[in-house]
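2 protein chains.
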Amino acid sequence: MKTIVAFSTAHYERNIRCSSWRLAVETNNIIRFKTVPAKCKDYIRKYILGKQYSADTKEVLSEAYSYAKSIDIIKGGNYTWVFNIDDTLLSNVQYYASRGFGTKPRNVTSFNHWIQHGKSRALPHSLKLYNKLLGLHYKIVLITKRPESQRKITVKNLRDAGYRQYAKIIFKDTTKERYIGKTTLVYKSHERKILEKEGFRIIGNIGDQWSDILGTSASIRSFKLPNPLY
Amino acid sequence: MKTIVAFSTAHYERNIRCSSWRLAVETNNIIRFKTVPAKCKDYIRKYILGKQYSADTKEVLSEAYSYAKSIDIIKGGNYTWVFNIDDTLLSNVQYYASRGFGTKPRNVTSFNHWIQHGKSRALPHSLKLYNKLLGLHYKIVLITKRPESQRKITVKNLRDAGYRQYAKIIFKDTTKERYIGKTTLVYKSHERKILEKEGFRIIGNIGDQWSDILGTSASIRSFKLPNPLY
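Respectively, the protein sequence lines represent chains A and B.
Residues are numbered in the numbering used here as their position in the first sequence, beginning at 1, plus a constant of 2.
Residues are numbered in the numbering used here as their position in the second sequence, beginning at 1, plus a constant of 2.
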């Protein structure tokens, strides 16, 4: 009996520690981590595949919709909503499941193969919000750090997943000198600045990474989707 | 039997929803909420009084210490760490426990009475980090939105709780016209700008509210302590 109790307590303590780790990642306290801690593999697997990840996503997007509705949108007024793509509109959970739910580092070759496969599914709550924002007459702009070379497969994957209507989709032009060696935060800030100069009025912005929503020319209000995988 | 199962599922679902609510608050997705949702009272009470809140705090402060240690501090170089006070250095959990763990709105009279009582305890992990930062020769600066009128009792409470050594403590001068009707974010950003002009080099910053750590003249790296109570 004693052994069972000891095991059970250790498991409980590990869940507490993994929950703290996840919260610290989501709140931008733990940054630039390479992989999910090995001891948290089971915890993260249950989190992602169970009800909590879906519920956490729904809560954020429901708040985003309340905010979006509260804005007095004038049709043709260039009211814009910016979306990130990976693990914001399209889910890569299937890929990360094959990499030990983030406990193994992302492999460039296999990840590009996954992208080129073009079978990423929509995050269901994101697709719902996307359609609701179109209904409210927001212009949608997608900014991704996927390179230009993945434009064709990405547009097709988005269309297959239900994302068919957007004013603009911006890929990272890796040949541009200004982006060489620069962070995603710098790249995305600069692209948003260009959008503003073009007349887009960025009201909302949603991403699963802090680098999607921090920086300059950010929206009036930004939303951070959960993602403990990377 | 059926009733019991139904009750149990409802409880489970409520915990999922309350967990999503808490995450959305911690990640700055839900903002300016007036009270904790009534249905989450029991969930938040267990979170705060159980092991998770303490573990979540410890995780953030442990990460902060790793960062603090990684900086090459030169003694006398004005390397500075900024702390918020309420629910960062001193805990008001006892007060909020009397207000239904955030489910009842803060009452100005009773909260001021609590502050004037001067019996707030240190958050144990914060006190440890505070002492470690002093050991690393950081200058400590405290910025609080408590008014000047609470200076004496606050300094005494801090001393009693173990916080005895800081370069500066800044209270909100509510008679200053620039702060009338301004947010905490504006007030704290401005005070940090003054610090910078005075030669303080802000390396780290810790608070339990996003208004403590967003804005301008922020530190190189900021840390957000958990607080689902307000």
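Just to be clear, a hint being listed does not mean it is correct.
Because identical chains cannot be distinguished in the list, a pair is counted as satisfied if it fits within a single copy or across any two copies.
[To be verified] In silico BS3-like cross-links for lysine-lysine, where the CA-CA straight-line distance does not exceed 27 Å:
1. K158 / K121
2. K36 / K71
3. K41 / K71
4. K36 / K174
5. K53 / K41
6. K53 / K43
7. K48 / K60
8. K154 / K77
9. K48 / K174
Rather than coming from a laboratory, the hints here were simulated on the basis of the structure.
Going through the hints against the structure:
1. K158 / K121: Within one copy only: 9 Å inside, 62 Å across.
2. K36 / K71: Between. Shortest inter-copy distance 20 Å satisfies the 27 Å Cα cut-off; intra-copy 38 Å does not.
3. K41 / K71: Classified as between; 25 Å across copies, 42 Å inside a copy.
4. K36 / K174: Within one copy only: 22 Å inside, 41 Å across.
5. K53 / K41: Both: 21 Å inside a copy, 19 Å across copies.
6. K53 / K43: Both: 17 Å inside a chain and 21 Å across chains, each within 27 Å.
7. K48 / K60: Both: 17 Å inside a chain and 24 Å across chains, each within 27 Å.
8. K154 / K77: neither (30 Å within a copy, 56 Å between copies)
9. K48 / K174: neither (33 Å within a copy, 45 Å between copies)
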